Amino acid sequence: MNGEILRLVASKIGGEVAVKLVSELKKRGRATEDELAENTKIKLNELRKTLFTLQKFSIITPEVVQDKGSGWMIFYWRLRGDQLESIIRTQKRRVLEKLKERLEYEKSHDFYICTDRRCGGRYTFEEAMEHMFRCPSCGGPMEHYDNAQIIRALEDKIASLQAEIERE
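According to numbering that gives the first Met the number 0, the sequence shown is numbered sequentially starting from 0.
Careful: at least some of the hints might be erroneous.
Unchecked claim - Below, computed lysine-lysine pairings styled on DSS-like, alpha-carbon distance capped at 27 angstroms: (1) K106 with K55; (2) K40 with K26; (3) K48 with K26; (4) K55 with K25; (5) K25 with K48; (6) K156 with K91; (7) K25 with K91; (8) K106 with K156; (9) K67 with K19; (10) K55 with K19; (11) K40 with K97; (12) K11 with K26; (13) K156 with K97; (14) K99 with K156; (15) K25 with K42; (16) K19 with K42; (17) K55 with K97; (18) K67 with K97; (19) K40 with K25; (20) K42 with K11; (21) K55 with K42; (22) K67 with K11; (23) K19 with K48; (24) K40 with K19; (25) K91 with K67; (26) K91 with K11; (27) K67 with K106; (28) K40 with K55; (29) K42 with K26; (30) K11 with K156; (31) K55 with K11; (32) K40 with K91; (33) K11 with K25; (34) K48 with K106.
I should point out that these hints are in silico values taken from the structure, not numbers from a laboratory. Fair warning: this is a prediction, and the values are worked out from it, not measured in the lab.
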């Protein structure tokens, strides 16, 4: 299991706390919540919340063992590296869908921008018309914005990501 990719995925899912937890589990193999809390110095409630988030994404899984002395159930947590590639593929597909939606939005609208570049307002034709082609933020005039460059960039990114998904 690639440690750098694992850390990146953990970071996206649960931030720095998740990175600490998966790093500790990668090092130890398996650990209880108490062991993880002690070694990572993460508060138990935050640790549990992050463990359950990582479990929801199938990054980690609990292993339940009954203590022979007390009869209590002990939960050990361990990494599920077999799911990492599946998670990445799913995320790539989600990103691809969002890019396609954005491309459709860009293609189906005319845009107007405020002529005051510091303002940075960008509005659809309908929004610009509602405001009589005056920026609602600063009151400056609006001009037509050619979004062809954005459309090309989105098309390139979509093609690249589709090719990457098909290769997998």
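### Task
List, from low to high, the hint numbers that the structure doesn't satisfy.
Of the numbered hints, 1, 9, 11, 18, 22, 25, 27, 32, 34 do not hold.
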